[in-house]
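The listed protein sequences correspond, in order, to chains A and S. Going by the working numbering, the first sequence runs without a break in its numbering and finishes at 306. Going by the working numbering, the second sequence runs without a break in its numbering and finishes at 1151.
FYI, nobody ran anything at the bench for these hints, they're computed from the structure. It is possible that some hints are incorrect.
Stretches of chain S that chain A covers, calculated by requiring three or more beta carbons in the stretch to come under 8 angstroms of a beta carbon on chain A [unchecked claim]:
id, segment
1, 1056 to 1068
2, 1135 to 1141
Pairs of lysine-lysine residues, derived as DSBU-like cross-links and limited to a Cα-Cα distance of at most 35 angstroms, are as follows [to be verified]:
id, chain 1, residue 1, chain 2, residue 2
3, S, 1006, A, 236
4, A, 229, S, 1101
5, S, 1093, A, 194
6, A, 191, S, 1093
7, A, 194, S, 1006
8, A, 16, S, 1091
9, A, 181, A, 194
10, A, 229, S, 1144
11, A, 78, S, 1105
12, A, 203, S, 1006
13, A, 12, S, 1105
14, A, 12, S, 1126
The C-beta atom is built at its ideal place from N, Cα and C for all residues, glycine as well.
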Amino acid sequence: MNFDGRDIVSIKDFSKAELERIMSVSDLMEPLSREGSDILKGKIMATLFFEPSTRTRISFESAMLRLGGNYIGFAEPKLTSVEKGENLVDTVRVVENYANLIILRHPLEGAARLASEYVNIPIINAGSGAEEHPTQALLDLYTIKREMGKIDRLTIALIGDLRYGRTVHSLAYALSLFDVKLYLISPDLLKMRKEVLEEINGKIEVFQETDLKKVLPKLDVIYMTRIQKERFPDLKDYELVKGSYRLSRDDLKFVKRKTIVMHPLPRVDEITFDVDDTHHARYFKQAFYGLLVRMSLLSLILGGIK
Amino acid sequence: MELHVKKIKNGTVIDHINQGYSLDVLSILNITGKEKHVVSVAMNVPSKDIGRKDIVKIEDWELKPRDVDKIALIAPHATINIIRNYNVVDKKKVNLPKILKGTIKCNNPSCISNSREPIESMFHVKDDISLSIRCHFCGRIMEKDDVLNQF
């Protein structure tokens, strides 16, 4: 199993054994996340964020610094030549001269695949429009594994915007490699995309529902998502579905004692604040696990760990 | 078999079009009927190979090679005959390649292939009979109706 120099464009590019390897290296990263290390000393990561991001970008930058490397890049295309009309291919072909790897977020789907075909350094997809967000799926898997002790034989629900939410696309692909029951809970307008369903149907049991309350008692993992207002072609449709699902402390009376609540963040109103201090909430812990997973990926891809 | 449409002297005959798709073939070829060519369309003609078929004959007009893939998208069994002076000078069966480049656009407006990048559209053909193609870049799956909507 070789990760050296590898692109991470889609979670579908991984086998189950590779996902497990990334998670076991993430375990090794926990002490380094506190003490720091120099296993990537002299390496430079370029973070090219053509679309706003807070936690993903900071998490990658922190991961690189904890491993002794450094980073360059931009968080705001308005300040760059992209604003002058430069295309993605030209941008990444220039940047590959200055860095050992590129972390790319872009508003268009397929952007990471295109970039990976034009440059010789590894590209990590940090979100490509509404398509995929593979490192988020990796940290979600890792959170489930750490907090539930396993992934197989769990009943998991992805709730909210399954059409435009890229994290749920990647997570559904990843979960289809495990032995799980997957509930997809959304308004009809925001149902899971056809291409994702085609890929996961037959590999795992999939149930599509609109009523969250009905399935709550069956769930081991509740994965809430934000309705992606910015990706709706018609804001009238957004008005129809905003606030479709809201999980409150009262709803948690109906769940199993060990059920966990996750969210890729940022949240709007899908999880009320009174859930935060229940023993079910894991969404802030997810952010910590995200750091470990990104340290693991950087180490594996840049040769810090063989 | 009874001849439904008379032989043509010069032009193109597209045979073995799936039943009901002859008008779509004309649409894909951008033939509106307002051009000078004589166009004959036969629909629901009995066929030994595919049950029922449509046939299109376009006089004094020859199909360009780049249009062959377009026809294959919606009429996977079609045969194309180029006729000169009542003789068939070229006969070929359409054949949809495994990878389709530049023929059609991805119908996902948020796909990078629809932006200002130096690339052609590219699709992987998953099913060439009922037609299901997957965009190489964004992964969007397009079916026959999605393709027809572009013409």
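Hint-by-hint comparison with the structure:
1. 1056 to 1068: This one is violated; 0 residues, fewer than the three required, reach chain A with a Cβ under 8 angstroms.
2. 1135 to 1141: holds (count 7)
3. S/1006 / A/236: The hint is violated at about 55 angstroms.
4. A/229 / S/1101: This hinted pair holds, its Cα atoms lying about 33 angstroms apart.
5. S/1093 / A/194: holds, 32 angstroms
6. A/191 / S/1093: violated, 40 angstroms
7. A/194 / S/1006: violated, 46 angstroms
8. A/16 / S/1091: With Cα atoms ~49 angstroms apart, residue 16 of chain A and residue 1091 of chain S exceed 35 angstroms; violated.
9. A/181 / A/194: holds, 19 angstroms
10. A/229 / S/1144: Holds, at about 30 angstroms.
11. A/78 / S/1105: holds, 29 angstroms
12. A/203 / S/1006: violated, 54 angstroms
13. A/12 / S/1105: holds, 24 angstroms
14. A/12 / S/1126: Satisfied, since the Cα-Cα distance of roughly 17 angstroms is no more than 35 angstroms.
Comparing the model with each numbered hint stated earlier shows that hints 1, 3, 6, 7, 8, 12 do not hold.
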